[in-house]
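Participant: Sequence:
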Amino acid sequence: MGRAPPFFLVPGGPFHALTRRLGLVKDDGRDAARLSLVFGFVPWLGLTLISVVDRLVSGRWPLVAQAPSVHVRLLVTIPAFFLAERSLHFRTRRCIERLEGFVHPSSSERFCRQLQRATALRDALVPELLLLAIVAVFVTLAFSGVELLPLGGGRSVRPDLTPVLLWYGAVAVPVFQFLSLRWGWRWVIWSLLLVGLSRLEFEPIPSHPDRRGGLGFLAEPPVGFAYVLFGVSAVLAAGSAFGFEEQTFDLTAFAVRMLSLILLGLVVALGPLLLFARPLFGARFAGVRAYDELAGDYTARFQSRWLGRGNREELLGTPDLQSLADLANSCDVVRQMRIVPINRDVVVVTVGAVLAPYLVLLLAEIPLVKLFQDFANSFLGQRLF
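Residues 1 to 385 in our numbering are what the sequence shown lists, from first letter to last.
Because the hints were derived from the structure by calculation, they are not lab data.
Hints are supplied without guarantee of correctness; some may be wrong.
[Claimed, not checked] Label-pair distances were calculated between CB atoms; the ranges are:
{"no.": "1", "residue 1": "ALA364", "residue 2": "ALA253", "range": "15 to 23 Å"}
{"no.": "2", "residue 1": "VAL256", "residue 2": "ARG335", "range": "34 to 42 Å"}
{"no.": "3", "residue 1": "GLU293", "residue 2": "GLN116", "range": "35 to 43 Å"}
{"no.": "4", "residue 1": "VAL42", "residue 2": "ARG335", "range": "53 to 61 Å"}
{"no.": "5", "residue 1": "ASP210", "residue 2": "ARG55", "range": "52 to 60 Å"}
{"no.": "6", "residue 1": "LEU327", "residue 2": "ARG199", "range": "31 to 39 Å"}
Predicted model only: the values in this text are computed from it and were never measured.
The beta carbon of each residue, even a glycine, is placed where N, CA and C say it ideally should be.
The task is simple: from the sequences and hints, build the whole structure.
Facilitator: Written out as structure tokens, the structure reads:
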């Protein structure tokens with residue numbers, strides 16, 4: 001069997017083809033900037049200009065323009081989505097290329113079929129049409145007064161239709177919702193691919209220094225997905241800002257929300273990697289047994305040669321001692337092998353991506369002394385100050 005066809009998670013599908021035809025995607029390293037400008041900044045600029053006119057006419061800012069989450073969606077989250085595309089493009093491609101080297105020859109054909117199925121899902125027209133249909137339903141319901149997803153990110157923005165609300169509801173929101181759903185679909189494709197690949201036969205290396213059988217690189221794509229998690233968390237954190245403005249902030253509820261989002265982010269980003277516990281567990285079990293047998297045989301020969309009747313004067317400078325130490329280190333690596341390809345770094349990045357927007361919100365809205373007081377009161381159950 002030859003090498004498997006290359007797999008790309010990001011380049012593909014009707015939307016990608018459209019952006020390439022429009023000249024927004026040129027693979028020159030500036031695609032994310034152009035896409036963010038067109039799909040994020042331009043809708044925001046239109047919203048801002050209309051809001052300024054409304055302010056000059058009515059004497060007050062439109063409610064939509066006052067919602068922090070509105071601006072975060074367009075200026076933070078959408079650019080984060082496009083930055084994630086660049087990162088995941090390289091990480092997923094490199095991951096699949098390296099994973100192919102661990103596939104057992106008996107599973108080579110199935111490996112190729114899994115990649116072909118994932119590519120077909122990525123390029124399919126129907127899923128993206130369904131995403132557009134879902135967005136159309138959301139927008140229709142919102143303009144009909146059914147707030148399935150509040151347009152204002154925390155407040156109702158269903159007064160009489162105004163130009164700013166029309167722009168936001170008919171342009172900005174649909175763009176954001178489509179890009180969000182599209183990223184969800186992309187990650188579903190990647191997760192389904194990992195589910196299929198985890199059922200194949202692999203040949204992990206128990207003595208690999210990454211202590212994950214050589215499959216530690218599977219944790220690279222979730223690092224790229226952290227951009228998406230950051231963007232989602234930023235919108236939710238901005239929505240929480242209304243609690244500060246309206247003096248309804250509850251520290252306990254805020255902490256529960258943060259922890260729940262962190263847990264959800266870890267499950268979505270790292271959950272599919274748990275499926276590789278089966279091949280890694282089998283490799284670890286076989287590796288420990290094989291290296292124990294090798295160590296037993298080698299140490300028996302070493303003892304017979306140097307601790308028996310052998311001439312110990314020849315022990316100085318012999319490579320046998322270094323070989324014994326190397327074997328001991330290899331045995332330790334095998335015993336320390338993890339059965340899931342998840343490392344501390346990817347967990348820290350995932351948690352940090354979710355937590356960062358909330359920390360920024362806390363530091364921006366609450367003085368450090370007040371924050372300490374609230375934490376102390378919540379922990380001790382009494383008023384300290």
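Participant: All the hints need checking, so say for each whether the structure fits it.
Facilitator: Here is how each hint holds up against the structure:
Look at ALA364 against ALA253: about 19 Å separates their beta carbons, and that is inside 15 to 23 Å. At roughly 39 Å, the beta carbons of VAL256 and ARG335 sit within the given window of 34 to 42 Å. In this structure the hint that GLU293 and GLN116 lie 35 to 43 Å apart at CB holds, the actual value being about 41 Å. In this structure the supplied range 53 to 61 Å holds for VAL42 paired with ARG335, their Cβ-Cβ distance being about 57 Å.
Restraint check, ASP210 to ARG55: a C-beta distance of roughly 57 Å satisfies the suggested window 52 to 60 Å. One distance hint, 31 to 39 Å for the beta-carbon pair LEU327 and ARG199, holds here, with the actual separation near 34 Å.
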